[in-house]
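Undergrad: Chain B: place on chain A using the hints.
Order-wise, the sequence lines are chains A and B.
First residue of the first sequence? That's 623 in this note's numbering, and the numbers climb one at a time after it.
First residue of the second sequence? That's 623 in this note's numbering, and the numbers climb one at a time after it.
None of these hints come from the bench; they were simulated from the model.
Hints are supplied without guarantee of correctness; some may be wrong.
Put simply, identical chains are the same to the list, so a pair is met inside one copy or across any two.
What the hints assert, rightly or not - The list that follows gives simulated cross-link-like pairs (lysine to aspartate or glutamate, DMTMM-like), each with its CA atoms no further than 25 Å apart: (1) LYS794 to GLU647; (2) LYS819 to ASP946; (3) LYS794 to GLU777; (4) LYS819 to GLU647; (5) LYS794 to ASP1035; (6) LYS873 to GLU744; (7) LYS720 to GLU928; (8) LYS660 to GLU686; (9) LYS819 to ASP664; (10) LYS873 to GLU743; (11) LYS692 to GLU1108; (12) LYS794 to GLU1015; (13) LYS794 to GLU761; (14) LYS720 to GLU918; (15) LYS819 to ASP916; (16) LYS720 to GLU763; (17) LYS692 to GLU1020; (18) LYS660 to GLU790; (19) LYS819 to GLU1020.
2 protein chains.
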Amino acid sequence: MKPHTKTTGVVNPELSSGPPASGREWTPVQDSPLPLYKQIADYLTGFIRSGVWPAGMRLPPQRELCRQLKVNRSTLVTALGQLTALGLIEGNRGGGTKVVISPDSTNPAPGRAGNWNDYVEEGTHYPNLPAVQAINRLEYEPGLIRLGTGEPAPELLPGAAMQAILAELAQKPLNLAYEEPLGSPRLRAAVSAHLAKLGIAAPPSSILITSGALQGLQLVALGLLPRGGAILLERPSYLYSIHAFQSAGVKLGGLPMDERGLLTGSIARETRRSQAAMLYSIPSFHNPTGILMDRERREALMAVTEALQLPVLEDGAYQELWLDSPPPPPLKALDHTGRVLHLGTLSKAASPGLRIGWVVGPEPVVRRLADIKMQSDYGASSLSQLVAARWLEGGYHEEHNGFLRRMLRERRDTMLAILQQHFTGLASWNRPAGGFYIWLSLHKPLPLRTLFRTAHKAGLLLNTGDLYDRSDNRHLRLSYAFATPEELAAGLPRLAQLIRSFKS
Amino acid sequence: MKPHTKTTGVVNPELSSGPPASGREWTPVQDSPLPLYKQIADYLTGFIRSGVWPAGMRLPPQRELCRQLKVNRSTLVTALGQLTALGLIEGNRGGGTKVVISPDSTNPAPGRAGNWNDYVEEGTHYPNLPAVQAINRLEYEPGLIRLGTGEPAPELLPGAAMQAILAELAQKPLNLAYEEPLGSPRLRAAVSAHLAKLGIAAPPSSILITSGALQGLQLVALGLLPRGGAILLERPSYLYSIHAFQSAGVKLGGLPMDERGLLTGSIARETRRSQAAMLYSIPSFHNPTGILMDRERREALMAVTEALQLPVLEDGAYQELWLDSPPPPPLKALDHTGRVLHLGTLSKAASPGLRIGWVVGPEPVVRRLADIKMQSDYGASSLSQLVAARWLEGGYHEEHNGFLRRMLRERRDTMLAILQQHFTGLASWNRPAGGFYIWLSLHKPLPLRTLFRTAHKAGLLLNTGDLYDRSDNRHLRLSYAFATPEELAAGLPRLAQLIRSFKS
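Isolated chain A (complex conformation):
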């Protein structure tokens, strides 16, 4: 796998079309004496004259502006013509339009700082992959069928239970102050009791509350691994789609998998070759492949990493989301030397937006991570922590997981039936025993970025395999967690047709 480098070419074109700029709720008034185009021109002039759109910025695509401002293309074009006439913007050969400040405008001359482009490109942290930025943006575009989204659909989230918890909490005095560096003692006690049910013996002092499991990854990357170090992981993996480790200067070393999970035979060789300092794994209902590592493989993994004295970072995000029967115990439950760090989260069942996860590990390790967390954001929301504690204490978690499993089982089976009908001969796939994902293997390779764009035009949002393995050109991560059964029934046949339409 090529290391993906941070180049100007990657960063710049995505800037203007980066994460969504919605929230710009202003729209022109229809029955005003001032024509629509004039209202828009005035409004956008304000953006430029106040520096909200600084010199050098590329304007969002016209399509996006039209949608945001709720006007048709010709009105927008007339408005932009006014800005061009004022010397505030100018089209370039590439077809884009940029903010410029002409000498005859009343704006101060632009200069290094008038132009933020250098800054935006200079920071240490990698930007998200353009494809991930596109997904992050398009997830808020209404009307798209999201075939790969890794979160439960709104109707699968426990809205009523959360309202009940809020109503209950509203009756008692609240802690509005900061929580302790490791997180609220009450929540850590609840997580400790919860982990015991999964076979993990973790006193509250060995638990750090994080803003989702993602932050746990970020803290491990920043706090435990040196620049230039390496981490082994399954390939493909969720970890390839984010930049937590790469931005901290840590290399990723991919290991092969089979249907029983990570192949342990290559761990020793790869550890030596890449001087790896840690192994990352998603043993239960792996993201993106849905694979469940069986017990024997887990024991083999623990034995080989024990011999190598290689710490393991276990991502347990999907551990509880089994559909057919409970999975083998987490790796952390097999750990007697404190060699495994375990990540857990409430994002995959209770509420993605609550932003509550945890890292379990030896005390000195979680304290080191807590210290960095204190420097990053001074702890997770105390309100979220309180709600999470009630969620676990009150038995809501078990009850909701039961409901969620039933719903996901139905949706999985719906998806499998549709695949059977429309993708036979086109692709093969697994029958996941839990989690959210089916890893669709196309019989023939395809240009996945082109497929992504074509699908978008056809109203489908895809998570293509290249997000999880840069060199992949024949997989899609399908998720039965987000789209409704009706959307699956409409979207998947459309996808099959699109794939067929590619010349091989």
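TA: Frame of chain A; chain B shown alone:
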């Protein structure tokens, strides 16, 4: 100022006594047939055999363990004697006690990964200063009078209003999903309206919601500045007490202040000398000095940074907490080219634990920061964002600020009266027009770390000047926001006495 380097000597001793390990709520049963010491020995053996206390870890101080386990020293010593006999721990010459695994124990042999010390020292991110770690820990030690804490006392926080908001929110369907990368559109609209009252014209698309203003700093450090770059700032400054910029490889260049704020005369020279890429300032009620930059100085700062094309990062955390009369408008209100990034927060008034802040800036800049935030924690708690939106929309914010100003004014005057009575001849101080802080200037230099420890023994928690300027040896940051008037009346004379007891 010496760059503070990250050395093993700094990291290691703090590990075992790092952030608090409370939440270890287990205590031995008093009326058990098993003696207390035996219960404790068994419990701690479990910690070692499960890797919660890994090989090589230094045990927490006995004093801390006694407090956590609620036993007296002799019981603990007997229990630790058992662990020593089992070969699980051993004392070293330095007086500390470490976890060891002897050959005759049943634990697997330790090795590289059995010993996490290397890992804990290898991460890229700096640990907090030992002094800051100590404060973070001791803030949860009961009974201490906290004379420097930079947050409002629990009784000054709007508990009832927050309960009312929760009760109201419990009536309506909740969004439990992720929010948009820039943050909830509703909250951004509310922040936009709020900023307009401060003179800042910021459409929602130019606002990024963060987990407190601290995270805004972290994102700027990671997203906009290159490794090896530099940022100018007031000296002393809050920014010296955290490692956001240093961990990203960005140097801090301190500039002098007078009672009207940052001295602008040296900005040009220092910008050239250190090739600074940005200037950070807390113009209103500066942390730690309490200084209010006057309007003329603000205009001078804007003019000189405009000429240098130097972007400005304005920390507006205390902007609204004026006590006598409203301060001049924020720097962002004087900015017409998008050169100022403005940080705001609800932590200083509504609720520190809510973890809601914002960064205001040009669209491409906040989108770049949003992209890193998505990679860090996938956004701030949606529940906190919803509560914050209601807080601002519902007028709670203005009402509470009125209350808070009255309370802080009283407490400031109480503190000034006590200082007058007990510190005359010993120190000088300012009369802050807002914020939380009085910057106490001792007439004679003192060894501040020794003062800190002595004060701790006397029941006082201090924020000493060296946190905010490494070379300082004659200042204390006093805060009238946290300690009660009764605590101030008891604690400040005790502090005066301690200071007097130092030989000059």
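Undergrad: Cα distance capped at 25 Å. Does LYS660 pair with GLU790 within a copy, between copies, both, or neither?
TA: Neither: 51 Å inside a copy, 41 Å across copies.
Undergrad: For the identical chains here, do LYS819 and ASP946 meet the 25 Å Cα criterion within one copy, between copies, both, or neither?
TA: within (18 Å within a copy, 56 Å between copies)
Undergrad: With 25 Å as the alpha-carbon cut-off, assign the pair LYS873 and GLU743 to within, between, both or neither.
TA: both (21 Å within a copy, 19 Å between copies)
Undergrad: How do LYS720 and GLU928 come out at 25 Å by Cα distance, when the copy is not named: within, between, both, or neither?
TA: Close across copies (22 Å), not inside one copy (56 Å); limit 25 Å.
Undergrad: At 25 Å max between alpha carbons, let me know whether LYS873 reaches GLU744 within a copy, between copies, both or neither.
TA: Result: close both inside a copy and across copies, 21 Å intra and 15 Å inter.
Undergrad: Using 25 Å as the alpha-carbon threshold, which applies to LYS794 and GLU647: within, between, both, or neither?
TA: Only across copies: LYS794 and GLU647 sit 23 Å apart there, 36 Å inside one copy, limit 25 Å.
Undergrad: Check LYS692 against GLU1020 for me: Cα-Cα at most 25 Å, and say if that holds within a copy, between copies, both or neither.
TA: So LYS692 and GLU1020 fail the 25 Å test inside a copy (44 Å) and across (34 Å) alike.
Undergrad: Between LYS794 and GLU761, at a C-alpha cutoff of 25 Å, which is it: within one copy, between copies, both, or neither?
TA: between (37 Å within a copy, 24 Å between copies)
Undergrad: At 25 Å max between alpha carbons, let me know whether LYS660 reaches GLU686 within a copy, between copies, both or neither.
TA: Only inside one copy: LYS660 and GLU686 sit 19 Å apart there, 69 Å across copies, limit 25 Å.
Undergrad: For the identical chains here, do LYS794 and GLU1015 meet the 25 Å Cα criterion within one copy, between copies, both, or neither?
TA: both (16 Å within a copy, 23 Å between copies)
Undergrad: Checking LYS692 and GLU1108: alpha-carbon separation at most 25 Å within a copy, between copies, both or neither?
TA: Intra 28 Å, inter 59 Å, cutoff 25 Å: neither.
Undergrad: Between copies, within a copy, both or neither: which fits LYS819 and ASP916 at Cα up to 25 Å?
TA: Within one copy, since 19 Å is at most 25 Å while 60 Å is not.
Checked against the numbered hints above, the structure violates hints 5, 11, 14, 17 and 18; every other hint is satisfied.
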